[in-house]
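Peer 1: Here are the chains, one letter per residue:
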Amino acid sequence: MSAVAGFPQAERQRRPALGRLLGSGAVMVTVIYLLLLLVYSLCQKNALSMTQFSDQLSNGLPLALGAAGGTLVVLMRGFDLSVAGVIALADVLTATQAGDGQLGALLCLAMVVGTGLLVGAVNGFLVAYVGLQSIACTLATMIICSGVALLVLDAPGGNVPDFISDNLTGTLLGVPVPLIIALVVLLGWVILRKTNWGVGLYALGADETAARLAGVPVRRVKFLAFCAAGALYGVAGMMLAAATSNGDPGAGTSYLLLVFAAIAIGGTTFTGGRGGLLGSMIGAATLMLLQKVLFSLGVSSFYTGIGQGLIMIAAVLIAALSARLARRMPR
Amino acid sequence: MTKPIVLPNPRLSAQASQVAGTTASLAPYLRAEGLSKAYGATVALSHVSLDVHAGEVHALLGENGAGKSTLVKILSGIVLADQGRLEVDGRPFEPGSLLGARAAGVSTAFQELSLLPNLSVAVNLMLPNLLKGPLGINSARRNEQAAAALLQDFGVTTVDPASLVADLSLAEKQRVEIVRALSHRPRLLVLDEPTAALADPGWLFDIVERLTGEGVAILYISHRLAEVRRLCRRGTVLRNGRSIATVDLTGTPDAEIFRMMVGTSQDEPKHKPMSNRQSIGPRLSAKGLTGRNVHDVSFEVGDGEILGVAALEGQGQRPMFRMLAGLEPMTAGTVRVDNKEADLRSPAAALRSGIGFLPEERKTEGIFLGLKAASNISLPILGRVLWGPFINHRRENAAVAEASQHVDLAKRYQAMRISSLSGGNQQKALLARVLLAGPRNLVLYDPTRGVDVGTKQVIYAAIRNFVDQGGSALIYSTELAELVHLAHRCLVVYGGRIVGDVAGSLLTEDRLVSFATGHGDIAA
Amino acid sequence: MKEAFMPGHAVADTRTTGRALGSEVITPLVLFALTVLLVIASRWISPSLGGFHQVAAIIVLSSFLMVVAFGQQMVVLIGGLDLSLPSLLTLGGILTFAWSGASGWSLIWILLVVLVVNGAIGALSGAGIAWLRIPPFIMTLAMGIIVYSAALGITAGTPRGHPSAALGSLFSGRILGLPPIIYIMILFVVFGTALQSYTPFGRKLYALGTSPVAAHVAGLHVAWLTVATYAISAAAAGCAGFLLVGYAGGATLVMGQSYLLPSIAAVVVGGTSIVGGRGNYISAVAASLLLTTFSTIISSIQILEGWRTIIYGCLILIAIAALREDVPLWLNRSLQRPSRPPQAPGAARSTQ
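Protein chains in written order, with our numbering: chain B, 63 to 393; chain U, 17 to 540; chain L, 53 to 404.
In short, the hints are calculated from the structure, not lab data. There's no promise every hint is true.
Said to hold, decoys possible - Derived SDA-like pairs: lysine to any residue, alpha-carbon spacing no greater than 25 Å straight-line:
hint, chain 1, residue 1, chain 2, residue 2
1, U, Lys427, U, Leu385
2, U, Lys379, U, Ile397
3, U, Lys379, L, His273
4, U, Lys148, B, Leu286
5, U, Lys379, B, Thr333
6, U, Lys388, L, Trp276
7, U, Lys189, L, Val265
8, B, Lys354, B, Cys105
9, U, Lys388, U, Asn408
10, B, Lys256, B, Leu286
11, U, Lys388, B, Gln195
12, U, Lys379, U, Leu184
13, U, Lys388, L, Pro264
14, U, Lys379, U, Met432
15, U, Lys388, L, Val242
16, U, Lys388, L, Ser325
17, U, Lys303, U, Glu376
18, U, Lys379, B, Gly193
19, U, Lys427, U, Arg480
20, U, Lys148, B, Val280
21, B, Lys107, B, Ser358
22, U, Lys379, L, Val327
23, B, Lys256, U, Gly149
24, U, Lys388, U, Gly404
25, U, Lys379, L, Val265
26, B, Lys354, L, Ala208
27, B, Lys256, U, Gln161
28, U, Lys379, U, Asn413
29, U, Lys379, U, Gly454
30, B, Lys354, B, Asn308
31, U, Lys189, B, Thr271
32, U, Lys189, U, Asp169
33, B, Lys256, U, Ile153
34, U, Lys379, B, Val280
Bound conformation, chain B alone (with noise of 0.2 Å):
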């Protein structure tokens, strides 16, 4: 139904509802999810539980986090490599100046956020005003923030306070936490997405020459871009640290490919413009709960590689697949 009278000839080109829901990538993927979550409790008891989901929320957060603030970058068509680099030092941060109780788990949160913000506003301005690409860019604030993690803790170690990582991990009014935290950042995406700044995100990312011609601040958002997923990636650390109650200057290199693996399933395209958090963090889960599946098939850990290579591969596909149907919709 067309928000405005008077435009009769005009509903032809509006997609049919089927065709917009699966040109979503976000949709997409939470089907592969479900489809994965009904294999695995299939082979799996108690795969449903309680404690089986807050166990897989509380592990697949920090992935969760940082494929939700690698989005954004995506969105514009830009790589952000610093994701490995600020998650470790967000990570050996909280394991060693993190201090006990409410207000130390407050200052630690304040801590690496304001770490996340500071290495994204790095980025941000030698990306958006210095003119770098980012890929090359990030990589190198990437590896001096693993510099930085070495500096911090040399070797894993180090120690959560007990208030960080009890809490954390475990629930808030019968909520788990974790998932507490990514609806907040899901609220907060869903107003961020219709600001100004927002929309300018989008802009960009198709095309950055008629984004400027349409008046969008160009560089104020990419810089801010790079500011808010430094920020996400920050707390992506904390939370790791949380899980694992333990620092590890290498934690962050793993994540690295996974966060755009993530990414890529979600539905969000490189090419820009198109996609969003929610089909990110959905598809962060997927992967995370993929690994669960293909252990619990008594796939030998030797052989769950070629699993998970596949699985992406064909939920990739999946995700074009749908999105060509989308388009060629009869409007």
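Mind docking chains U and L on chain B? Use the hints.
Peer 2: Just chains U and L now, kept in the frame of chain B:
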């Protein structure tokens, strides 16, 4: 010399002369004096002066590379002039940005559409001042309502503001681009090739009439002289970055305008005879061609023949051409080249079958911006200029030089990056590449789009030479005058079918228009 | 009208642009110069650094990166990315180690088989990217995981084989005072540069990288070019693994891991644009040399690993910032003599 086709609009002309009469004493709304802009050693503008009065539609004429686009960028605030003075409404005009120009009342509808495809029409129209809801974030509903009001105000009823720009046709996109420029209620409106993609320019003419009635000054840039004469009384001709003259268009014949633009007069050759060839059968023929928006199209192009195709926008001519080029699949039908069935499953296959295709959008489908012009041109024949496994640069350059001669592309442009050439020269390079690949059948889609008068003549000559040496050419053009001038015979496509086939003395614009709008042949 | 965005952004373009003295020439020169400077400066740090033997050792060490960077460079040139390099390098190493030495296979045959096997896998990646339209990031990532997993499974965690004296002699032997590998690398670099910049295949890759759509319309076989490029990249990684076995005397499952990010760094520092169509191999070679020199010198300084990592990252950042497109332009302009006041062509002619 053909007379220019002037479709008189008494109301507009009366208005124009009224305006001209009363504004003789009034200061012009826009005054540019001595504008200069150089990019390194390349001079884009040199001491350009012109003025536009309120309520006047002032034409800006000139080849590409004459400085029109630079002038547009300066007026739009995207680029600052090096020297010169700009005054708008009596006050100095030095916008530092696009929005600054807009704030001063100057708005531009760009030739290269600047809409965002992944956003809705409403968002595109309302950017950067999106309407907010109660929470302080964008309200889709309010934006759509405001956009709908805008569209209705300017007579666009076929576009749903909630639809994505990517889902619109090219003509609809052009309309939205124009409405967007209008939405800022400018006092000076710059229209850069506004009818290039419009099927029905009448809509725009009505808007222009309305705006001039409200006292808006309009700077109108178009290659279509007939349109320009209809709307504008005065025009300024640019050549080589300088303003040659500001003339009263009604008193200046086409030949003189051309002379000002290119420095030479446009020689209208006698009616082109087809070279007398023994009938060796058609060079290119299609039978029952069917596909997306194309229904059972059949035609033949003979040896030495230039066959034109005329159609309003969206009548199926684009998929038809792309099928011949191997870019779109055919669901039925056969195409024969030199009496052999052609394999059109891919552009490479089409080329092998002897079809050389010149695509519609040179910037995105034609040229390789990062490469030199010479590298662009030599791409199809790299395998022939080898030294062992390596490219023999001397032979490559020789081949490029020879191909460039056919399209009058100066030697100094060949070694330059193609991105720094003007649109006309880029098109020449593209045509050179197509010719160099060696096909005997050219399929050209709007080859003179966005190209200056001088380059047009060069392209016409190249095509004529090509067919004279034994080949065929199938050309689609949005300019009927061009088809009448160039083609031996012309097909008309309507609704995906061929509805007309006009040749010889019957080939006139009126007849083509009649077929193209679905009215069949005019009364003889 | 109230402006929702701050005025003053999207500022008018007042730059003037001219033709740049090819950044393709300046970049490698600058990088080489930096490397030389580093080597000279390293003498101050320690007398054992900066000598002839050390320089030779650095070149040898950087050769693996140069080979890997060749593949990555070509893939990035067409706008893609190859994340499967570490796994494919490892595969090449494992195969080499398994067949060489006492099992009596000639080295040439082993190399050929490695190239073919890796090339086939790379071709598969390329096929997925070209025909199934899977984003290169995902395709090569997935392929890398699959190959690694297969290698893990086949070797059961520990690659077995025999070290090859012949392969090792590439590094330990001496011809005119230098290990043979250096001469091989010179040949490789020449071959690589020639392939990219002077053959029709290379030219087509540049075209494809600049505009895939135009390449398709122009009749280039986009899909086959893509497949070939990823095949070559995979083969190059295998070749690097082959060489690495000679250097290290064995193969491990993680031998490739430390080459992924440096390969991207070398390509990017060498000025290749991530969107494709720009850059050349010589610059990537120079960048590989610079990066290896730097990390070698840095690791001989007694500082914490954390500081070393930070400085390495800073170097990459500085190199990227210094070698942007505008810098050669700026250099070009300041090297020129002040030009005459601009005159429009034909200004002397009067208008009619």
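Peer 1: Does each hint fit the structure? Answer for all of them.
Peer 2: Status of the hints after comparison with the structure:
| no. | hint | in the structure |
| --- | --- | --- |
| 1 | U/Lys427 <-> U/Leu385 | holds, 18 Å |
| 2 | U/Lys379 <-> U/Ile397 | holds, 22 Å |
| 3 | U/Lys379 <-> L/His273 | holds, 20 Å |
| 4 | U/Lys148 <-> B/Leu286 | holds, 21 Å |
| 5 | U/Lys379 <-> B/Thr333 | holds, 19 Å |
| 6 | U/Lys388 <-> L/Trp276 | holds, 24 Å |
| 7 | U/Lys189 <-> L/Val265 | holds, 21 Å |
| 8 | B/Lys354 <-> B/Cys105 | holds, 11 Å |
| 9 | U/Lys388 <-> U/Asn408 | holds, 16 Å |
| 10 | B/Lys256 <-> B/Leu286 | holds, 15 Å |
| 11 | U/Lys388 <-> B/Gln195 | holds, 24 Å |
| 12 | U/Lys379 <-> U/Leu184 | holds, 20 Å |
| 13 | U/Lys388 <-> L/Pro264 | holds, 17 Å |
| 14 | U/Lys379 <-> U/Met432 | holds, 16 Å |
| 15 | U/Lys388 <-> L/Val242 | holds, 23 Å |
| 16 | U/Lys388 <-> L/Ser325 | holds, 17 Å |
| 17 | U/Lys303 <-> U/Glu376 | holds, 24 Å |
| 18 | U/Lys379 <-> B/Gly193 | holds, 24 Å |
| 19 | U/Lys427 <-> U/Arg480 | holds, 23 Å |
| 20 | U/Lys148 <-> B/Val280 | holds, 20 Å |
| 21 | B/Lys107 <-> B/Ser358 | holds, 10 Å |
| 22 | U/Lys379 <-> L/Val327 | holds, 17 Å |
| 23 | B/Lys256 <-> U/Gly149 | holds, 10 Å |
| 24 | U/Lys388 <-> U/Gly404 | holds, 23 Å |
| 25 | U/Lys379 <-> L/Val265 | holds, 10 Å |
| 26 | B/Lys354 <-> L/Ala208 | holds, 22 Å |
| 27 | B/Lys256 <-> U/Gln161 | holds, 17 Å |
| 28 | U/Lys379 <-> U/Asn413 | holds, 23 Å |
| 29 | U/Lys379 <-> U/Gly454 | holds, 23 Å |
| 30 | B/Lys354 <-> B/Asn308 | holds, 22 Å |
| 31 | U/Lys189 <-> B/Thr271 | holds, 17 Å |
| 32 | U/Lys189 <-> U/Asp169 | holds, 17 Å |
| 33 | B/Lys256 <-> U/Ile153 | holds, 6 Å |
| 34 | U/Lys379 <-> B/Val280 | holds, 23 Å |
The structure meets every hint from the earlier list without exception.
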